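S.K.: What follows is each chain in one-letter form.
Protein chains: 2
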Amino acid sequence: MSNQGQGCCEPLSEAPLAKEQAEEMASVFKALGDPVRLRLFSMIASGPSGEVCVCDLTPAFDLSQPTISHHLKLLKQAGLVDSERRGTWVYYRARPETANRMAALLASVNGDRAPA
Amino acid sequence: MSNQGQGCCEPLSEAPLAKEQAEEMASVFKALGDPVRLRLFSMIASGPSGEVCVCDLTPAFDLSQPTISHHLKLLKQAGLVDSERRGTWVYYRARPETANRMAALLASVNGDRAPA
DNA sequence: AGGTTGTATAGACGTTTATCTATGCCATGG
DNA sequence: CCATGGCATAGATAAACGTCTATACAACCT
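Chains as they are written, first to last, in our numbering: chain A, 31 to 146; chain B, 31 to 146.
Calculated from the structure, these hints are not laboratory results. Nothing here was measured: the structure is a model prediction, and the numbers come from that model. Do not take every clue at face value.
Any copy, or any two copies together, can satisfy a pair, since identical chains are not distinguished.
What the hints assert, rightly or not - Subject to a maximum C-alpha distance of 25 Å in a straight line, what follows is the list of computed DMTMM-like cross-link-like pairs (lysine to aspartate or glutamate): (1) K106 / E50; (2) K60 / D92; (3) K103 / E50; (4) K49 / D86; (5) K106 / E127; (6) K103 / D86; (7) K60 / D112; (8) K103 / E114; (9) K49 / E81; (10) K49 / D92; (11) K103 / E54; (12) K103 / E53; (13) K106 / D86; (14) K106 / E81; (15) K60 / E127; (16) K106 / E53.
Build the full structure now, drawing on both the sequences and the hints.
M.R.: The structure is reproduced here in C-alpha cells:
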C-alpha cells in the first residue's frame, strides 16, 4: 500500500508530458522494452525473498553470462533494480518506487471522457 | 525455503512471466520507450475530446511529417492507440485497456517483502 | 599462493531503429 | 476532372542495440 505520490508528474489524461520528463520516463520504458530484460525484472520483482541471485537468473536464459550481466546493468541504470554483492554472489532487488511511478503514469489513461 | 545461508543456486522453478507474455508486453514497453512516441501518446491520451488530429501532433515536434506518421504507426501496432479517418483528417485516440494492463503489471511490484 | 568459480568489462559484429527525402494515396474544392 | 493539402508508404543511411568471445576482477577454498 505504499503509493507515496512523490509529486512526479501529472497524470497522462490531464496534461501532456514535457520534453524532459518524456525523455526520462521513456528511458525507463526502453529498459523494459526488451523481452529478456522484462523477464529478468519480473523474476527479480517476484523473488520470494525480495532479491534474486544472479546465479539464479543466468541459467534461466539461453544467453551467455555476459549478455545477462549487460541487461542487468541496463535495468540498474534505469533505476528499476539495485544490486548488492554478498560474498561471492551478487543479488538484485527491485526498486518499487520506479515501477510504481511508471504504473501511476499509465493508470491515469482513462477512456471515459467527453461523452458526446 | 530460503537459501540465504549458502546454497544459492537453486533454480527458479517457474518464471513469473512466461516467455511469450514477456515478448508481448515488452513490445508495448518498447513502443513507449522512445521520447517522441511517449510524448505523442501523452498528447493523445490527454486530448480534451478524447482524440487528437494528426495535424495537431505533427507541428508539435521538430521532426518531419513522415517521421511522426511512422511513430504513430508503431503506437498503433502496439495497441496503445487507434486511428480513424474523418474526411481529410485522421484522428488518434488512446486505448486505455492496453495502458491499464501495463499499469497493472508495474503496480504489482511492491516493496513490502521480507519484513526487516 | 594458487586454483576455481561467480560476475563484470571490452571489443567486435550483424541487426534493428530513427530519421530523412521522394513519392503515392485519399478527400476536398474549384 | 484536375489541383491542393493531409497523411501514409518506400527506400536510404547513420546510429543504437543485442549478442557473442575473450578477458579482467573479486571472493572463496584448499
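S.K.: For the identical chains here, do K60 and D112 meet the 25 Å Cα criterion within one copy, between copies, both, or neither?
M.R.: Close inside one copy (17 Å) and across copies (22 Å); limit 25 Å.
S.K.: Is it within, between, both or neither when you check K106 against D86 at 25 Å Cα-Cα?
M.R.: Answer is within: at 17 Å inside a copy they meet the 25 Å cutoff, but 36 Å across does not.
S.K.: How would you label the pair K60, D92 (within, between, both, or neither) given a Cα cut-off of 25 Å?
M.R.: both (22 Å within a copy, 21 Å between copies)
S.K.: I want to check one pair: K106 and E53. Are their C-alpha atoms no more than 25 Å apart within a copy, between two copies, both, or neither?
M.R.: Close inside one copy (17 Å) and across copies (20 Å); limit 25 Å.
S.K.: When Cα atoms must be at most 25 Å apart, do K49 and E81 count as within-copy, between-copy, both, or neither?
M.R.: Result: close only across copies, 21 Å inter versus 34 Å intra.
S.K.: At most 25 Å between alpha carbons: which applies to K60 and E127, within, between, both or neither?
M.R.: both (17 Å within a copy, 20 Å between copies)
S.K.: When no copy is named, should K103 and E53 be tagged within, between, both, or neither for a Cα gap of at most 25 Å?
M.R.: both (19 Å within a copy, 20 Å between copies)
S.K.: Are the CA atoms of K106 and E127 at most 25 Å apart within a copy, between copies, both, or neither?
M.R.: within (13 Å within a copy, 29 Å between copies)
S.K.: As a check of your reading, is K103 near E114 (CA-CA no more than 25 Å) within one copy, between copies, both or neither?
M.R.: within (12 Å within a copy, 41 Å between copies)
S.K.: Give the relationship of K103 and E54 under a CA distance limit of 25 Å: within one copy only, between copies only, both, or neither.
M.R.: Intra 17 Å, inter 22 Å, cutoff 25 Å: intra and inter.
S.K.: At most 25 Å between C-alpha atoms: does K49 with D92 qualify within a copy, between copies, both, or neither?
M.R.: between (38 Å within a copy, 12 Å between copies)
S.K.: When no copy is named, should K103 and D86 be tagged within, between, both, or neither for a Cα gap of at most 25 Å?
M.R.: For K103 and D86, only the intra-copy Cα distance (16 Å) is at most 25 Å; the inter-copy one is 38 Å.
The structure agrees with every numbered hint stated previously.
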